[in-house]
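Modelling step: build the complete structure from the supplied sequences, incorporating the hints.
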Amino acid sequence: MNLKVLCFGITRDIIGQFEYRLSLPTEATVADLKNQLSMQFPKFATLKSLRIALNEEYAEDTMTLKENDEIVLIPPVSGG
Amino acid sequence: MNLKVLCFGITRDIIGQFEYRLSLPTEATVADLKNQLSMQFPKFATLKSLRIALNEEYAEDTMTLKENDEIVLIPPVSGG
Amino acid sequence: MPSMIDIQLLHTPLSEQACLDFVKTDDTGGIVVFVGTVRNQTKGKAVVRLDFEAYEPMAISEMRKIAVQAVEQFSLKKISVHHRVGTLAIGEVPVVIAVSSAHRKAAFDACELVIDTLKETVPIWKKEIFEDGEVWVSATP
Amino acid sequence: MPSMIDIQLLHTPLSEQACLDFVKTDDTGGIVVFVGTVRNQTKGKAVVRLDFEAYEPMAISEMRKIAVQAVEQFSLKKISVHHRVGTLAIGEVPVVIAVSSAHRKAAFDACELVIDTLKETVPIWKKEIFEDGEVWVSATP
Chain C
-17 MNLKVLCFGI TRDIIGQFEY RLSLPTEATV ADLKNQLSMQ FPKFATLKSL
33 RIALNEEYAE DTMTLKENDE IVLIPPVSGG
Chain R
-17 MNLKVLCFGI TRDIIGQFEY RLSLPTEATV ADLKNQLSMQ FPKFATLKSL
33 RIALNEEYAE DTMTLKENDE IVLIPPVSGG
Chain W
18 MPSMIDIQLL HTPLSEQACL DFVKTDDTGG IVVFVGTVRN QTKGKAVVRL
68 DFEAYEPMAI SEMRKIAVQA VEQFSLKKIS VHHRVGTLAI GEVPVVIAVS
118 SAHRKAAFDA CELVIDTLKE TVPIWKKEIF EDGEVWVSAT P
Chain A
18 MPSMIDIQLL HTPLSEQACL DFVKTDDTGG IVVFVGTVRN QTKGKAVVRL
68 DFEAYEPMAI SEMRKIAVQA VEQFSLKKIS VHHRVGTLAI GEVPVVIAVS
118 SAHRKAAFDA CELVIDTLKE TVPIWKKEIF EDGEVWVSAT P
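Residue numbers (the numbering used here), protein chains in the order written: chain C, -17 to 62; chain R, -17 to 62; chain W, 18 to 158; chain A, 18 to 158.
A hint or two may mislead.
Below, a list of computed lysine-lysine pairs in the DSSO-like style, where the Cα atoms sit at most 27 Å apart [unchecked claim]:
(1) 30/C <-> -14/C
(2) -14/R <-> 48/R
(3) 60/A <-> 25/C
(4) 62/W <-> 144/W
(5) -14/C <-> 25/C
(6) 122/W <-> 136/W
(7) 144/W <-> 41/A
(8) -14/R <-> 144/W
(9) 60/W <-> 122/A
(10) 48/C <-> 82/A
(11) 122/W <-> 60/A
(12) 62/A <-> 144/A
(13) 30/C <-> 62/A
(14) 82/W <-> 41/W
(15) 30/R <-> 144/W
(16) 144/W <-> 25/R
(17) 16/R <-> 144/W
(18) 62/A <-> 136/A
(19) 122/A <-> 82/A
(20) 144/A <-> -14/C
(21) 122/A <-> 62/W
(22) 62/A <-> 122/W
(23) 30/R <-> 136/W
(24) 41/W <-> 122/A
Worth flagging that the hints you see were computed from the coordinates, not collected in a lab.
See the structure below:
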């Protein structure tokens, strides 16, 4: 399936764009997405953490992705 | 010696005036002053506490009073 | 450390912004402010207004002692303590305490210690005025 | 509890007074406010400015979750959380958190927990701009 991922903060700098499109097998999980990104962008290994938000909520690694999900990369936050 | 005592808060209500004059023997202490006030005004026994300030500082019971001291009655404070 | 400490006992309404502006510095990490307000009731009984009075010179010197101690203990950048006296209506502000610090934890701890200590040692008294009487707060058990 | 909670993510300068005014109620015993400011240096290196960005809808919903949790846990009267995004100069204010409570201890504890949690869970990022480069704060070890 084709997914669109939104990239904030340092993840946008690493990937080089705000909206990143990629393909994953149907039933792919959040963990699969993280693995795919780590392979394509070795710099992700330098981050303190990487969380994924699905539809404006933090997602567990085991959750399954769907084509129309709003998928967002959340590197370590630093508000306040 | 003749002393002048300034009365704030509930102590002014108990004594009935802001400046109260009384006589105590030379070398009288803060404790002596408290005893004298308690005898003259039994309502002092109803207070949670009574501190004496001498010249803008809290005074220990053992401190000696002098005629020109600024003596102030400090009932329980309730600022803030 | 006079320029780090701003102590005021005022007969006019307090300005939270004035306290904030005093403590802001370019090397501050966090500012914590405590604002006291006059509550509309005590133990369920409606309060009409509060009258505050102070033994003014000593109130100022005791507030200053607390501020100096807090600056030293918590390495504060700046501190502002304003207390009002006179008659206050419901919702009005008797006290504002603002502190700034490099680390926010120290700012929270310092601000809380300052208001706790102020309520124990500073010679200021408030009288609650009810519809049917009045009482000096905390004077008797 | 919508009327007890005021969450705003703003592209314009914050007003501490607006947060204070929101949380003041006639039955409040104490108000505690945390004000973040942009510091002029990080580990001794001069900061020129900070750029804040947010995943806006989720930043608002996460701030609201924290506020709801704080109101319940500490029986707060009201809470106001304003966060700014965009470019901020030294001394400007990225965040203001104001809480009101019947008891001041609860107000201090709540305000501190809210800023601590906000810094852990709300999707907002800041980039420090130096004379000779820039860095996303806390992104890498």
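Quick rundown of the hints versus the structure:
For the given pair, residue 30/C sits about 23 Å from residue -14/C by alpha-carbon distance, which is consistent with the 27 Å threshold. Distance restraint check for residue -14/R and residue 48/R: the Cα-Cα separation of roughly 10 Å lies within the 27 Å cut-off, and the hinted pair is therefore satisfied. Annotation: proposed proximity of residue 60/A to residue 25/C holds, straight-line Cα distance about 24 Å (limit 27 Å). Distance restraint check for residue 62/W and residue 144/W: the Cα-Cα separation of roughly 14 Å lies within the 27 Å cut-off, and the hinted pair is therefore satisfied.
About 20 Å separates the Cα atoms of residue -14/C and residue 25/C, which keeps this hinted pair within 27 Å; it holds. Using a Cα cut-off of 27 Å, the hinted pair residue 122/W and residue 136/W holds, with the two alpha carbons roughly 22 Å apart. About 22 Å separates the Cα atoms of residue 144/W and residue 41/A, which keeps this hinted pair within 27 Å; it holds. Under the criterion of a C-alpha separation no larger than 27 Å, the hint pairing residue -14/R with residue 144/W is consistent with the structure, at around 25 Å.
Among the hinted pairs, residue 60/W with residue 122/A is consistent with the structure: their alpha-carbon atoms are about 18 Å apart, no more than 27 Å. At most 27 Å may separate the alpha-carbon atoms for a hinted pair to count; residue 48/C and residue 82/A meet this at roughly 25 Å. Annotation: proposed proximity of residue 122/W to residue 60/A holds, straight-line Cα distance about 18 Å (limit 27 Å). At most 27 Å may separate the alpha-carbon atoms for a hinted pair to count; residue 62/A and residue 144/A meet this at roughly 14 Å.
With a C-alpha separation of about 22 Å, the suggested pair residue 30/C and residue 62/A falls inside the 27 Å cut-off, and the hint holds. Between residue 82/W and residue 41/W the CA atoms are separated by roughly 21 Å; this keeps the pair inside 27 Å, and the hint holds. Taken as a hint, the residue 30/R and residue 144/W pair is honoured in the structure, with Cα atoms around 16 Å apart against an allowance of 27 Å. Between residue 144/W and residue 25/R, the direct Cα distance comes to roughly 18 Å. Compliance with the 27 Å bound is thereby established for this hinted pair.
Pair hint residue 16/R plus residue 144/W holds up; C-alpha atoms about 23 Å apart against a cutoff of 27 Å. Restraint check for residue 62/A and residue 136/A: the C-alpha separation of about 22 Å stays at or below 27 Å, so the hint holds. At roughly 22 Å between alpha-carbon atoms, residue 122/A and residue 82/A fall within 27 Å of each other, so this suggested pair holds. Simply put, residue 144/A and residue -14/C have alpha-carbon atoms about 25 Å apart, close enough for the 27 Å limit, and the pair holds.
Proposed proximity of residue 122/A and residue 62/W is supported: the alpha carbons are some 23 Å apart, at most 27 Å. Distance check on the hinted pair: residue 62/A and residue 122/W sit about 23 Å apart at the alpha-carbon level, within 27 Å; holds. A threshold of 27 Å between alpha carbons decides the hint, and for residue 30/R with residue 136/W the separation of about 15 Å falls inside it, so the pair holds. For the given pair, residue 41/W sits about 24 Å from residue 122/A by alpha-carbon distance, which is consistent with the 27 Å threshold.
Comparing the model with each numbered hint stated earlier shows that all of them hold.
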